[in-house]
Amino acid sequence: MKTLHILNKSPKHAFPASQCARFYSQHDSILLIEDAVYYTLPTTYPLFLAITELRALPTKPTIYALKEDIDARGISETTPNDVKLVTYEGFVELTASHDKSASWY
Amino acid sequence: MKTLHILNKSPKHAFPASQCARFYSQHDSILLIEDAVYYTLPTTYPLFLAITELRALPTKPTIYALKEDIDARGISETTPNDVKLVTYEGFVELTASHDKSASWY
Amino acid sequence: MTPNTHKTLLVILSQSPYSSSLAREAVDYCLAAAAFEQNIQLLFIGDAVLQLLNDQQPANISQKNVAKTLSALPIYGIGNFFVDHEALVRYGLSDEQLCLPIRKVTPRQMADMLANATHTLNF
Amino acid sequence: MTPNTHKTLLVILSQSPYSSSLAREAVDYCLAAAAFEQNIQLLFIGDAVLQLLNDQQPANISQKNVAKTLSALPIYGIGNFFVDHEALVRYGLSDEQLCLPIRKVTPRQMADMLANATHTLNF
Amino acid sequence: MNYSIVVLGAPFSSPSAITALNFTQALLTQGHTVFRVFFYHEGVHCANQLSTPQQDEINLTNQWQTLKKQHNLDLVVCIAAGVKRGVLDQSEANRHEKPCSNINDAFDLSGLGQLVEATEQSDRVVTFGP
Amino acid sequence: MNYSIVVLGAPFSSPSAITALNFTQALLTQGHTVFRVFFYHEGVHCANQLSTPQQDEINLTNQWQTLKKQHNLDLVVCIAAGVKRGVLDQSEANRHEKPCSNINDAFDLSGLGQLVEATEQSDRVVTFGP
Numbered sequence: 006m007k008t009l010h011i012l013n014k015s016p017k018h019a020f021p022a023s024q025c026a027r028f029y030s031q032h033d034s035i036l037l038i039e040d041a042v043y044y045t046l047p048t049t050y051p052l053f054l055a056i057t058e059l060r061a062l063p064t065k066p067t068i069y070a071l072k073e074d075i076d077a078r079g080i081s082e083t084t085p086n087d088v089k090l091v092t093y094e095g096f097v098e099l100t101a102s103h104d105k106s107a108s109w110y
Numbered sequence: 006m007k008t009l010h011i012l013n014k015s016p017k018h019a020f021p022a023s024q025c026a027r028f029y030s031q032h033d034s035i036l037l038i039e040d041a042v043y044y045t046l047p048t049t050y051p052l053f054l055a056i057t058e059l060r061a062l063p064t065k066p067t068i069y070a071l072k073e074d075i076d077a078r079g080i081s082e083t084t085p086n087d088v089k090l091v092t093y094e095g096f097v098e099l100t101a102s103h104d105k106s107a108s109w110y
Numbered sequence: 004m005t006p007n008t009h010k011t012l013l014v015i016l017s018q019s020p021y022s023s024s025l026a027r028e029a030v031d032y033c034l035a036a037a038a039f040e041q042n043i044q045l046l047f048i049g050d051a052v053l054q055l056l057n058d059q060q061p062a063n064i065s066q067k068n069v070a071k072t073l074s075a076l077p078i079y080g081i082g083n084f085f086v087d088h089e090a091l092v093r094y095g096l097s098d099e100q101l102c103l104p105i106r107k108v109t110p111r112q113m114a115d116m117l118a119n120a121t122h123t124l125n126f
Numbered sequence: 004m005t006p007n008t009h010k011t012l013l014v015i016l017s018q019s020p021y022s023s024s025l026a027r028e029a030v031d032y033c034l035a036a037a038a039f040e041q042n043i044q045l046l047f048i049g050d051a052v053l054q055l056l057n058d059q060q061p062a063n064i065s066q067k068n069v070a071k072t073l074s075a076l077p078i079y080g081i082g083n084f085f086v087d088h089e090a091l092v093r094y095g096l097s098d099e100q101l102c103l104p105i106r107k108v109t110p111r112q113m114a115d116m117l118a119n120a121t122h123t124l125n126f
Numbered sequence: 080m081n082y083s084i085v086v087l088g089a090p091f092s093s094p095s096a097i098t099a100l101n102f103t104q105a106l107l108t109q110g111h112t113v114f115r116v117f118f119y120h121e122g123v124h125c126a127n128q129l130s131t132p133q134q135d136e137i138n139l140t141n142q143w144q145t146l147k148k149q150h151n152l153d154l155v156v157c158i159a160a161g162v163k164r165g166v167l168d169q170s171e172a173n174r175h176e177k178p179c180s181n182i183n184d185a186f187d188l189s190g191l192g193q194l195v196e197a198t199e200q201s202d203r204v205v206t207f208g209p
Numbered sequence: 080m081n082y083s084i085v086v087l088g089a090p091f092s093s094p095s096a097i098t099a100l101n102f103t104q105a106l107l108t109q110g111h112t113v114f115r116v117f118f119y120h121e122g123v124h125c126a127n128q129l130s131t132p133q134q135d136e137i138n139l140t141n142q143w144q145t146l147k148k149q150h151n152l153d154l155v156v157c158i159a160a161g162v163k164r165g166v167l168d169q170s171e172a173n174r175h176e177k178p179c180s181n182i183n184d185a186f187d188l189s190g191l192g193q194l195v196e197a198t199e200q201s202d203r204v205v206t207f208g209p
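Chains as they are written, first to last, in this note's numbering: chain A, 6 to 110; chain B, 6 to 110; chain C, 4 to 126; chain D, 4 to 126; chain E, 80 to 209; chain F, 80 to 209.
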């Protein structure tokens with residue numbers, strides 16, 4: 006069963022991101038909301054990948070970020086190509102297309 | 006002027022401890038309260054010293070911990086020798102004997 | 004509400020005992036779930052392993068003993084306790100310091116527990 | 004209350020703009036201090052450097068623009084802005100992205116600012 | 080699908096109180112149903128009728144009330160978490176001899192069984208952490 | 080010495096609400112004076128008269144009230160932070176057409192100038208963060 010991992014804390018907080026990585030199974034997805042969207046900055050995105058790749062999965066994790074939270078924080082210019090932006094509508098669709106969600110905070 | 010640095014977050018939160026270290030001046034003191042007393046555990050105390058020694062001061066920082074918070078959390082058996090336990094009375098005395106306090110959270 | 008043994012609810016606890024009321028509120032939720040005969044698993048990760056420490060004496064900070072409350076859970080039929088082994092190591096905790104008999108799990112096992120659960124609640 | 008130019012109050016901001024109301028409450032405090040002609044310094048550290056980003060558009064999350072509020076501070080006679088240079092670097096922020104003219108400081112300078120202040124408030 | 084929403088954050092102390100509202104609005108717009116919204120931990124402050132944000136700030140309590148009117152939502156505040164934080168209905172105010180109640184009419188104070196039932200009955204449970 | 084205390088944490092969401100009370104009791108016991116205790120950010124919840132902790136839990140609102148009676152403390156809740164979070168005195172309840180006030184009598188709602196004055200007038204300012 007697929008899990009949507011919802012992360013809402015800034016890169017200042019190492020713990021939620023590390024748990025998200027440790028509980029990640031193949032075919033899961035990660036959604037960055039609220040202050041977790043700061044992980045899409047050019048300096049912090051490599052850190053996030055390093056955390057989430059810890060478990061050496063065969064494929065890279067699928068990462069989404071909430072557009073409303075990105076725009077709010079003034080960081081829409083620098084979203085990495087492999088981060089998919091979703092609106093609240095997409096957020097809902099992600100929760101429906103995964104079997105469950107886990108919120109790391 | 007001497008500052009009492011008051012730290013109240015668990016070792017899970019790297020930020021407050023790192024700020025405490027960066028703002029530390031010679032002759033300042035550090036007081037661990039609430040969840041910051043978990044820094045006195047045998048595995049986390051070396052981490053705390055490593056953080057607080059970052060600035061390579063000529064002498065080690067003076068570290069206090071609040072006894073009531075240590076006892077509450079069931080970790081009174083393992084306080085390192087160079088951490089001085091204070092009660093609330095001692096907490097008050099520390100604020101009086103330093104020129105000001107800074108709270109890192 | 005009828006008991007449903009096919010569904011598994013994974014309750015993930017990650018907070019220290021006295022940083023907020025979340026530790027106690029998680030226990031309250033588990034007691035309610037047990038009363039309705041839900042199939043729940045409790046998994047302690049991160050700072051939540053500090054909830055398990057035996058010798059807590061929080062009267063002087065006007066708090067209720069979290070370890071004591073946890074120790075009572077088996078009386079209410081709650082028995083599936085798991086703990087993140089790496090979190091125990093991080094804080095240097097050994098079995099005899101813990102208030103509950105508890106099964107240590109690896110990150111791989113934790114990921115499987117989450118994958119197999121019907122729902123999860125994070126406290 | 005008479006203005007006291009001998010005392011310096013160091014206001015240390017460390018929170019991101021929308022994680023809680025602390026960013027706005029810190030600004031409100033600074034405005035009050037300016038109204039009473041207090042001698043204040045504002046120092047942005049950690050996630051608070053993210054408050055300074057120019058292009059914030061928080062209407063869709065029902066928040067007020069923190070950068071706009073900060074930009075107005077000089078109108079009220081508040082002018083002593085300092086920022087932790089390492090925090091800017093950590094988030095890869097450059098001067099042209101910031102909403103205020105602001106002086107970059109090193110950890111040594113920050114420690115000196117704290118040592119020389121009469122009081123400090125951390126928000 | 081049938082959703083339940085768990086709100087753990089308070090207005091002004093966590094953005095999650097707003098995120099939870101926006102998410103719930105979006106899922107109703109898409110034709111999903113909401114079995115229950117459960118306010119727990121600091122989330123109980125969302126139901127305080129006395130909250131009076133400034134004119135340019137969002138009033139989450141009113142927003143939930145409006146959403147309830149449109150979609151007949153079941154908004155439940157945990158009674159234990161609410162009462163200890165000073166969010167009371169008239170019955171609890173009477174019981175504890177408090178001068179007034181302060182919960183918004185749109186919300187009901189009830190027990191944790193309501194959250195247990197919500198996880199049992201819903202296809203999806205989404206938690207908005209503090 | 081003359082102290083001011085700044086409380087930023089709410090009961091049940093942060094241990095600092097209790098720490099601040101214990102610290103204030105200890106400094107009064109040692110003969111220091113308290114110029115003012117200022118409740119800001121989530122600390123304003125400490126003044127909610129409707130808070131009803133369980134019998135074996137501490138009632139911080141009552142404890143502050145008792146301490147005020149013994150030592151004539153000046154307990155000030157930031158009016159802006161309080162009103163938006165639903166901590167109102169009668170005057171604010173009237174102004175915003177709310178059915179009741181809920182601030183404990185021992186506390187006064189007032190502006191941030193009171194915190195400015197506290198930092199100006201006190202030998203020591205100790206902040207209890209959220």
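Everything labelled a hint here was simulated from the structure, so no lab data went into it.
Just to be clear, a hint being listed does not mean it is correct.
[As the list claims (entries may be wrong)] Only some residues are given here: those of chain D computed to face chain A with a beta carbon under 10 Å: (1) N63; (2) N119; (3) T121.
[As the list claims (entries may be wrong)] A few chain D residues that don't get close to chain F, going by computed Cβ distances all over 10 Å: (4) K10; (5) A35; (6) F39; (7) A75; (8) P77; (9) A90; (10) D115; (11) L124; (12) N125.
[Claimed, not checked] Computed cross-link-like contacts, BS3-like style, restricted to lysine-lysine with a CA-CA straight-line distance of at most 27 Å: (13) K105(A) / K107(C); (14) K7(A) / K67(C); (15) K105(B) / K72(B); (16) K147(E) / K67(D).
Just so it is clear, CB atoms sit at the ideal spot from N, CA and C, and this is done for glycine as well.
Check the non-interface label on L124(D): least C-beta distance to chain F beyond 10 Å or not. violated, 6 Å
Restraint: N119(D) near chain A, CB-CB cut 10 Å. Satisfied or not? Violated, about 27 Å.
Need the status of pair K147(E), K67(D): alpha-carbon distance at most 27 Å? holds, 25 Å
Straight-line Cα separation of K7(A) and K67(C) no greater than 27 Å? violated, 38 Å
Please verify that the nearest CB of chain F lies beyond 10 Å from A35(D)'s CB. A35(D) is in fact no farther than 10 Å from some Cβ atom of chain F, at 4 Å.
Minimum Cβ separation between A90(D) and chain F greater than 10 Å? holds, 19 Å
Any Cβ of chain F at or closer than 10 Å to A75(D), or is the non-interface label fine? holds, 16 Å
Does K10(D) clear chain F by more than 10 Å, comparing its Cβ with all Cβ atoms of that chain? Violated, since 7 Å does not exceed 10 Å.
If you draw a straight line from the CA of K105(A) to the CA of K107(C), is it 27 Å or shorter? Holds, because 24 Å separates the two Cα atoms, which is no more than 27 Å.
So, as I understand it, the hint says T121(D) touches chain A; can you test that by seeing if any CB pair is closer than 10 Å? Hint on T121(D): violated, closest Cβ of chain A at ~29 Å, above 10 Å.
Just checking, P77(D) versus chain F, shortest CB gap more than 10 Å? holds, 19 Å
Status of the N63(D) interface restraint (C-beta, 10 Å, chain A): holds, 4 Å
The structure is inconsistent with the numbered hints 2, 3, 4, 5, 6, 11, 12, 14, although it conforms to all the rest.
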